[in-house]
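2 protein chains.
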Amino acid sequence: MTHVTENACCPDLRINGIQSEKTFVRGTLFPVEVGMRTLKLSRTYTCGEMEFSSLPLYDTSGPWSDPSFVIDPEKGLPPLRDTWGFWNENSVEAKSESTSARTPRKAIDGGGITQMYFARKGIITPEMEYVAIRENQNLEEWISRFSRGGKKHTPITPEFVRAEIAAGRAIIPANINHPELEPMIIGRNFRVKINSNIGNSALGSSIDEEVEKAVWSCRWGADTVMDLSTGTNIHKTRQWILRNSPVPIGTVPIYQALEKVGGKAEALTWEIYRDTLIEQAEQGVDYFTIHAGILREHLPFAEKRLTGIVSRGGSIMAKWCKANKQENFLYTRFEDICRILQTYDIAVSLGDALRPGSILDANDEAQFGELKVLGELTKVAWKFDVQVMIEGPGHVPLHMIEENMQKQLEYCHEAPFYTLGPLVTDIAAGYDHINSAIGGTLIASYGCAMLCYVTPKEHLGLPDRNDVREGVIAHKVAAHAADLAKGSPVAWLRDELMSRARYAFAWEDQFNISLDPEKTRESHRSSMAASGRTDVNPDFCTMCGPDFCSMKKSKEATEQE
Amino acid sequence: MTHVTENACCPDLRINGIQSEKTFVRGTLFPVEVGMRTLKLSRTYTCGEMEFSSLPLYDTSGPWSDPSFVIDPEKGLPPLRDTWGFWNENSVEAKSESTSARTPRKAIDGGGITQMYFARKGIITPEMEYVAIRENQNLEEWISRFSRGGKKHTPITPEFVRAEIAAGRAIIPANINHPELEPMIIGRNFRVKINSNIGNSALGSSIDEEVEKAVWSCRWGADTVMDLSTGTNIHKTRQWILRNSPVPIGTVPIYQALEKVGGKAEALTWEIYRDTLIEQAEQGVDYFTIHAGILREHLPFAEKRLTGIVSRGGSIMAKWCKANKQENFLYTRFEDICRILQTYDIAVSLGDALRPGSILDANDEAQFGELKVLGELTKVAWKFDVQVMIEGPGHVPLHMIEENMQKQLEYCHEAPFYTLGPLVTDIAAGYDHINSAIGGTLIASYGCAMLCYVTPKEHLGLPDRNDVREGVIAHKVAAHAADLAKGSPVAWLRDELMSRARYAFAWEDQFNISLDPEKTRESHRSSMAASGRTDVNPDFCTMCGPDFCSMKKSKEATEQE
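Protein chains in written order, with our numbering: chain F, 1 to 561; chain D, 1 to 561.
Keep in mind that a hint or two might mislead.
Pairs involving identical chains hold if they fit within one copy or between any two copies, as the list cannot separate such chains.
The calculated lysine-lysine pairs, modelled on BS3-like cross-linking and capped at a C-alpha distance of 30 Å, are [to be verified]:
#: 1; residue 1: K407; residue 2: K152
#: 2; residue 1: K407; residue 2: K151
#: 3; residue 1: K407; residue 2: K555
#: 4; residue 1: K151; residue 2: K372
#: 5; residue 1: K552; residue 2: K372
#: 6; residue 1: K552; residue 2: K236
#: 7; residue 1: K552; residue 2: K260
#: 8; residue 1: K106; residue 2: K519
#: 9; residue 1: K152; residue 2: K552
#: 10; residue 1: K121; residue 2: K260
#: 11; residue 1: K552; residue 2: K264
#: 12; residue 1: K555; residue 2: K325
#: 13; residue 1: K407; residue 2: K383
#: 14; residue 1: K304; residue 2: K264
#: 15; residue 1: K555; residue 2: K264
To be clear, the hints were calculated from the coordinates, so they are not data collected in a lab.
Using the sequences and the accompanying hints, generate a full structural model.
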């Protein structure tokens with residue numbers, strides 16, 4: 001591996017020391033090449049009569065982990081999707097007057113270009129083929145032959161992807177102005193995804209740091225990144241992030257709109273908001289969180305709460321409604337919003353302005369009242385072929401989580417659910433990533449499609465790089481555990497190989513298969529060093545030492561027969 | 001607060017900077033004084049018409065957090081239970097020939113002194129009154145008046161404790177040779193408890209470190225501590241730990257027995273094991289893990305597994321059975337073992353030698369076959385009035401956890417369940433404390449009474465002090481979340497106060513009410529410092545900054561009406 005450049009903004013974040021290579025699987029319908037990270041194993045393991053000396057992994061890091069790629073954040077990533085030849089000048093036009101460096105495109109007819117549009121027409125897009133290949137991880141044979149716990153799966157086909165999108169059960173957030181994107185799919189019949197939030201606030205953080213955190217998030221496994229910047233330089237930060245991001249980028253446009261009116265919520269207007277949507281749409285934002293479901297009728301319920309409104313967007317809109325004595329303009333203008341979204345194929349993430357901020361507020365009238373409105377809005381968006389996902393809580397005690405999933409499916413017509421946690425207690429500050437991973441695993445096992453990560457800094461401050469890593473990995477544990485609970489064959493294979501490596505004392509394989517190879521390798525090394533040993537591959541477990549290793553004894557017992 | 005001594009072995013681990021004081025609640029039946037840590041709040045909060053300007057917390061740190069206590073690990077803690085006047089020379093004798101410093105005691109008649117014995121006779125002991133007071137946390141009025149989610153609780157009475165112990169549904173592990181103990185109860189109708197494992201192995205760790213880790217564990221909230229030492233100085237380490245431990249200490253006596261036969265499992269004999277039990281009984285160990293349920297008939301099932309036998313004690317006994325072609329002597333001698341246990345009131349923790357070490361092995365014939373035998377042995381122990389808990393897995397995918405709890409209740413006659421995790425995936429090395437907290441929360445919400453912690457070093461090496469802290473707090477989150485799910489009024493009160501403090505921007509109260517006040521305070525301080533602010537109590541949330549604080553806006557919106 002040659003590391004070509006070091007850059008002050010984005011230090012080389014390529015994955016070092018892991019025995020893996022970047023591999024690509026080609027499509028058959030389109031000239032797509034889906035990148036994966038394929039682990040080389042130190043030996044051949046037999047699982048269910050199949051032999052594995054390597055393991056392809058779902059890879060979110062894009063070109064950043066490709067040693068052949070010359071890193072240059074100023075230039076950005078190559079426009080991958082433009083090489084697929086799907087767009088033509090009859091459907092998409094490049095607009096010359098622009099605020100961004102790249103010439104922005106839009107649908108000529110103002111629509112007819114979204115993934116949902118094509119899906120409903122029965123047309124498979126390159127993005128659909130891409131995500132189908134990606135979800136299978138080049139393990140079609142294994143998926144076909146393997147079943148666990150009575151659950152039988154089949155490889156994902158482009159046609160299955162199309163049907164799920166047509167039904168509104170899944171989305172591919174992919175703005176036509178984000179050609180650097182490696183498409184991914186969010187839906188409960190696919191791998192559970194995680195989102196990482198980044199963004200500066202008035203209290204700190206610089207552009208460079210945010211770009212670095214975005215790349216850093218993908219490198220650890222974030223499937224999407226939300227740029228929640230609220231401070232200065234919002235536009236420029238987002239531009240940098242988009243041009244360097246292989247994953248979908250989401251934003252909450254009301255934050256920037258609020259900056260434009262000097263932070264006075266009551267001064268917001270539809271026109272300012274609309275222009276902000278278009279500005280971000282042209283830059284290539286893949287999904288917008290829009291708090292269109294909070295209505296004036298909900299506010300009295302929110303006021304009875306212990307912690308009121310804890311969503312930033314929600315509190316802005318509540319303030320606007322009260323000050324102007326009018327209904328939420330995001331609701332009244334929702335069709336206009338959809339007309340913009342369909343022009344760029346931006347997915348809408350319907351924000352849960354009234355998510356509970358304390359377990360005492362969970363599952364109350366405010367929360368479920370808004371959820372019903374989100375269900376109505378889902379139908380409106382679908383009229384425009386706009387892809388929809390629904391945001392969810394928040395703080396919810398464990399025994400009340402299932403009801404959230406049930407009601408979401410019922411009210412929102414099976415549109416994908418995307419939750420923040422839920423956090424299962426209010427008192428875990430400093431450890432809220434764990435708190436969130438607990439609730440997240442449970443709701444994802446019930447069908448939640450994407451988990452928004454929470455870092456150890458939640459409720460306390462802005463995350464630094466290490467917090468981002470901790471937050472991402474905690475939610476990778478949650479998402480993967482939910483995939484296992486749902487019987488995903490590719491998830492089960494990874495665990496089986498890990499355990500076979502563990503039983504074989506194949507330490508290098510254990511490190512590489514784990515969710516954080518660098519941390520496991522370093523932990524093991526430092527433990528061995530502390531005990532004065534330097535064996536790299538001891539044939540015993542390092543917790544118990546050579547004489548008390550249960551697996552060693554267990555094997556000896558079997559062998560002595 | 002004056003810190004009286006610093007000691008090379010046990011540095012002062014008292015809780016610094018937290019606005020709390022050690023308070024004591026007196027019993028009415030016995031002269032017990034139950035220590036709690038009472039938080040002083042910066043203001044008065046109203047919850048359900050009751051006012052709180054302080055909050056008593058369940059406290060596991062014993063005299064270690066009492067500023068009036070002179071710390072001297074060489075001397076150990078005062079013999080608290082000896083001041084309660086329950087024992088008399090008709091029931092307990094002090095034995096003069098001894099291997100330990102303190103003169104050991106035993107039942108004169110070889111029995112008739114266990115908590116279960118008294119409970120069945122209808123007699124309430126000081127230990128029963130102690131734990132009843134402790135569970136209520138001096139919040140009887142709140143418990144009586146408060147209900148959430150339709151679940152009504154009443155304060156715990158000494159009589160309720162007695163009845164639960166008589167029924168075998170709960171245990172108070174309290175060896176008569178551990179008078180330093182502050183009694184605690186393990187059972188599903190009480191607060192969920194957590195255990196912390198410490199112990200040196202041949203690979204590292206010294207006595208001083210282990211004593212320090214024991215005290216450190218209690219200081220962060222461990223309810224019991226298991227000393228799993230396997231290296232040299234087992235006896236001396238245990239002696240130091242016991243004399244300084246306010247929480248019950250558990251051990252796995254087969255480890256020391258194995259040392260006595262030079263590490264050769266096949267050379268173990270009943271006599272060596274028996275003598276080890278007595279040696280540890282006299283020192284004051286409160287509960288023994290005994291792997292009496294693994295039988296020869298189970299071994300073929302274990303051999304079919306992906307990861308065989310991963311319990312250290314289990315692998316030792318499997319090896320012994322095979323080498324000697326005899327049934328497990330812990331099973332055949334189980335009545336003799338119970339005769340020893342009842343003489344000191346040692347609880348038995350029936351070990352799950354065949355717990356799954358990989359999710360593929362979960363809920364298999366080996367595991368559930370052994371669990372049935374543990375149910376039989378429970379009945380045997382109860383014949384001798386020996387208190388019993390049952391150890392559980394291990395690696396179990398999320399959707400298979402509930403079956404573990406159901407089968408345990410069914411097979412083991414409602415004896416308390418004590419699980420290691422479960423870990424919900426095999427690939428989370430480096431983050432297994434999170435992995436374990438996820439499965440642990442779920443099983444505890446179903447009725448598991450105690451969670452054994454797992455640290456970030458699981459599968460990789462021995463935990464250091466920081467790993468112990470991370471492991472303890474992760475499982476405090478899990479246990480507390482399960483208490484909330486079970487509707488515990490004292491658990492709900494803490495969350496409500498936290499959220500009221502959060503909504504009031506009462507930062508000091510938030511730090512103090514959280515599970516790790518030091519970490520939250522430091523995180524907040526460093527975030528503020530990074531942004532150039534030095535306000536100690538800003539009136540906005542430090543994640544979003546002053547202009548985007550949703551709670552601030554939410555309040556303003558309410559107030560502007």
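Tell me, which hint numbers fail for this structure? 8, 9, 10
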